[in-house]
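Trainee: Here is what each chain is made of, one letter per residue.
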Amino acid sequence: DAGVIQSPRHEVTEMGQEVTLRCKPISGHDYLFWYRQTMMRGLELLIYFNNNVPIDDSGMPEDRFSAKMPNASFSTLKIQPSEPRDSAVYFCASSPGTGGYGYTFGSGTRLTVV
Amino acid sequence: KQEVTQIPAALSVPEGENLVLNCSFTDSAIYNLQWFRQDPGKGLTSLLLIQSSQREQTSGRLNASLDKSSGRSTLYIAASQPGDSATYLCAAVGSSASKIIFGSGTRLSIRP
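Protein sequences appear in the order of chains A and B. Just so we're aligned, residue 1 is where the first sequence starts under my numbering, counting upward by one. Just so we're aligned, residue 115 is where the second sequence starts under my numbering, counting upward by one.
Please keep in mind that the hints were generated in silico from the structure rather than gathered at the bench. The hints are all genuine.
Here are the computed lysine to aspartate or glutamate pairs in the EDC-like style, where the Cα-Cα straight-line distance is at most 20 Å:
no.	chain 1	residue 1	chain 2	residue 2
1	B	K115	B	D141
2	A	K24	A	E11
3	B	K115	A	D56
4	A	K78	A	E18
5	B	K213	A	D57
6	B	K182	B	E170
7	A	K68	A	D57
8	B	K156	B	D198
9	B	K213	A	E44
10	A	K68	A	E18
11	B	K115	A	E44
12	A	K78	A	E14
13	B	K213	A	D56
14	B	K182	B	E117
15	B	K213	B	E117
16	A	K68	A	E44
17	A	K78	A	D57
18	B	K115	A	D57
19	A	K78	A	E44
20	B	K213	A	D30
21	B	K182	B	D141
22	B	K156	A	E44
23	A	K78	A	E62
24	B	K156	A	E11
25	B	K213	B	D141
26	A	K68	A	D30
27	A	K78	A	D63
In this text the structure is predicted, and so the values were computed from the model without any measurement.
Next comes chain A alone, as it looks inside the complex (with noise of 0.2 Å):
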């Protein structure tokens, strides 16, 4: 398996825009996390999906943010509108089940918002 496949690797975007973030996880884990990971608040998980399904999405900062799973091996994480403040790395991770086990991470998306 190839690993969490996570695209783009680095966005750039102007405040305003719609960013959408992309993740392929491990086929066969039923557990997919989006975290966002800053200097200064380091990483924090904004939601995750149990087989598809958004199971807690306390984590996500503001109705800007929204998230999808539409299958076993795709999700999104959009931000519309963008604002400076989103500028951070985007890591997407999966697992075959609960308990930390077998918690595999992707490379992450570096966003900027200029």
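Since the structure of chain A is already known, use the hints to place chain B on it.
Mentor: Just chain B, lined up with the frame of chain A:
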């Protein structure tokens, strides 16, 4: 609400030294605790996982301990090497076993 803290934020030691990284968590009702490594520009890689019923785990030169009563975990690295330079994050899985809460990490630099 679980909070995970790592001190210091950065550490620099000469090659060959043994060192300890510290992690503390506020809610002792954890399912397990993990230590991850993050290299610059990369995602996180799991190093060691300690079940709540365990006291320690070892992998090669790494040893992680867990003391739930005091809300502390340590990662011991023996005979450090320049290749160990990275950011090390600890993460606690809550009793519901669903969410992982990460510390902010310790950035480790091993001087040749």
